[in-house]
Structures are given as structure tokens and as C-alpha cells.
Amino acid sequence: MEAFEVSNGVMIYYLPQELDHFAADRIKRKTESCFKDGDIKHLIFDFDKTTFMDSSGIGLITGRYRKVHDTGGQVYVININANIDKILTMSGIYRIVKKKRSKEEIIKEMLKGGYYE
Numbered sequence: 001m002e003a004f005e006v007s008n009g010v011m012i013y014y015l016p017q018e019l020d021h022f023a024a025d026r027i028k029r030k031t032e033s034c035f036k037d038g039d040i041k042h043l044i045f046d047f048d049k050t051t052f053m054d055s056s057g058i059g060l061i062t063g064r065y066r067k068v069h070d071t072g073g074q075v076y077v078i079n080i081n082a083n084i085d086k087i088l089t090m091s092g093i094y095r096i097v098k099k100k101r102s103k104e105e106i107i108k109e110m111l112k113g114g115y116y117e
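In our numbering, the protein residues as written are 1 to 117.
Hints were generated in silico from the structure; no laboratory data involved. Model, not experiment: these values are computed from the prediction. All C-beta atoms, glycine included, are put in the ideal place defined by N, C-alpha and C. Warning: the hint list may mix true and false statements.
Stated by the list, open to error - Quick list of in silico lysine-lysine cross-link-like pairs, DSSO-like style, CA-CA up to 30 Å:
#  : residue 1 : residue 2
1  : K100      : K36
2  : K49       : K99
3  : K67       : K108
4  : K86       : K49
5  : K98       : K86
6  : K28       : K98
7  : K28       : K100
8  : K41       : K86
9  : K100      : K67
10 : K49       : K100
11 : K49       : K108
12 : K41       : K100
13 : K108      : K36
14 : K30       : K86
15 : K98       : K67
16 : K41       : K28
17 : K112      : K36
18 : K36       : K99
Unchecked claim - Here are the simulated distance ranges between beta carbons:
#  : residue 1 : residue 2 : range
19 : A3        : D37       : 29 to 37 Å
20 : D54       : K99       : 13 to 21 Å
21 : K99       : K30       : 33 to 41 Å
22 : K30       : F52       : 18 to 26 Å
23 : K28       : M90       : 18 to 26 Å
24 : K86       : G38       : 29 to 37 Å
25 : K112      : F52       : 28 to 36 Å
26 : G38       : M90       : 28 to 36 Å
27 : F22       : L111      : 30 to 38 Å
28 : K86       : L111      : 29 to 37 Å
29 : K36       : R101      : 27 to 35 Å
Sequences and hints are given; from them, build the entire structure.
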């Protein structure tokens with residue numbers, strides 16, 4: 001099962017082992033309420049436990065990107081294994097989403113940009 005946390009306008013979503021249609025739909029619904037509340041500016045998808053992803057995962061990321069982009073934010077992906085990286089590369093998602101090694105690397109980037117406190 002997936003989990004998430006929100007702090008300082010940043011949502012970190014810890015994705016499940018399988019990111020399929022059913023999981024993507026659950027994640028979409030869970031993130032929608034946070035977008036409506038205006039709590040999210042940046043979104044981090046943590047793929048640490050994810051071993052499978054289908055096209056629903058690509059759709060989820062692009063849909064969340066549109067929401068975050070409208071607020072001037074950024075979507076990041078972290079802890080990508082070789083199989084998921086291949087899928088994300090072939091999809092062209094890295095043109096709109098930033099790949100980083102860890103959330104610490106993202107926080108460092110945000111601190112440089114003056115966003116994160």
C-alpha cells in the first residue's frame with residue numbers, strides 16, 4: 001500500500017510495489033483533495049518499492065504534473081530502478097519531470113532556489 005506526507009507545500013508520495021490502473025486511480029483521488037486545499041506546490045514520487053508500472057503510472061505522473069505546473073511547482077521522481085527508468089525514459093516524461101537520487105537532493109535544490117524553509 002502506498003503512503004504520503006505533506007510538509008511546507010511539498011508532497012512526497014511513496015508509491016506501491018505495483019503502479020497499475022487501480023493504484024494510479026487511488027493515488028489520483030488522494031492527491032486531488034490536497035490540490036483542492038492548496039497544500040501542494042511541489043510533488044515527489046518515491047519509487048523505492050515500485051517494481052512494476054504500466055501506462056497508468058505515466059498517466060498519473062503527467063496528470064499530477066499539470067496540477068503542480070499550474071501552481072508554479074515541480075514534479076520530481078526519486079529512487080528509480082533500471083526497469084522503471086527505462087519506461088520513464090521511453091515515455092519522454094523526463095522532459096517535464098525531474099529525476100533525482102533522493103529527497104535530500106531535491107531539498108538542497110529547493111533551498112538554493114529560495115523555496116524550501
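To see whether the hints hold, each was checked on the structure:
no.	hint	in the structure
1	K100 <-> K36	holds, 27 Å
2	K49 <-> K99	holds, 16 Å
3	K67 <-> K108	holds, 23 Å
4	K86 <-> K49	holds, 16 Å
5	K98 <-> K86	holds, 15 Å
6	K28 <-> K98	holds, 20 Å
7	K28 <-> K100	holds, 22 Å
8	K41 <-> K86	holds, 27 Å
9	K100 <-> K67	holds, 20 Å
10	K49 <-> K100	holds, 16 Å
11	K49 <-> K108	holds, 23 Å
12	K41 <-> K100	holds, 17 Å
13	K108 <-> K36	holds, 27 Å
14	K30 <-> K86	holds, 27 Å
15	K98 <-> K67	holds, 15 Å
16	K41 <-> K28	holds, 16 Å
17	K112 <-> K36	holds, 28 Å
18	K36 <-> K99	holds, 26 Å
19	A3 <-> D37: 29 to 37 Å	violated, 18 Å
20	D54 <-> K99: 13 to 21 Å	holds, 19 Å
21	K99 <-> K30: 33 to 41 Å	violated, 23 Å
22	K30 <-> F52: 18 to 26 Å	holds, 20 Å
23	K28 <-> M90: 18 to 26 Å	holds, 22 Å
24	K86 <-> G38: 29 to 37 Å	holds, 35 Å
25	K112 <-> F52: 28 to 36 Å	holds, 34 Å
26	G38 <-> M90: 28 to 36 Å	holds, 34 Å
27	F22 <-> L111: 30 to 38 Å	holds, 37 Å
28	K86 <-> L111: 29 to 37 Å	holds, 31 Å
29	K36 <-> R101: 27 to 35 Å	holds, 31 Å
Hints 19, 21, counting from the list given before, are not met by this structure.
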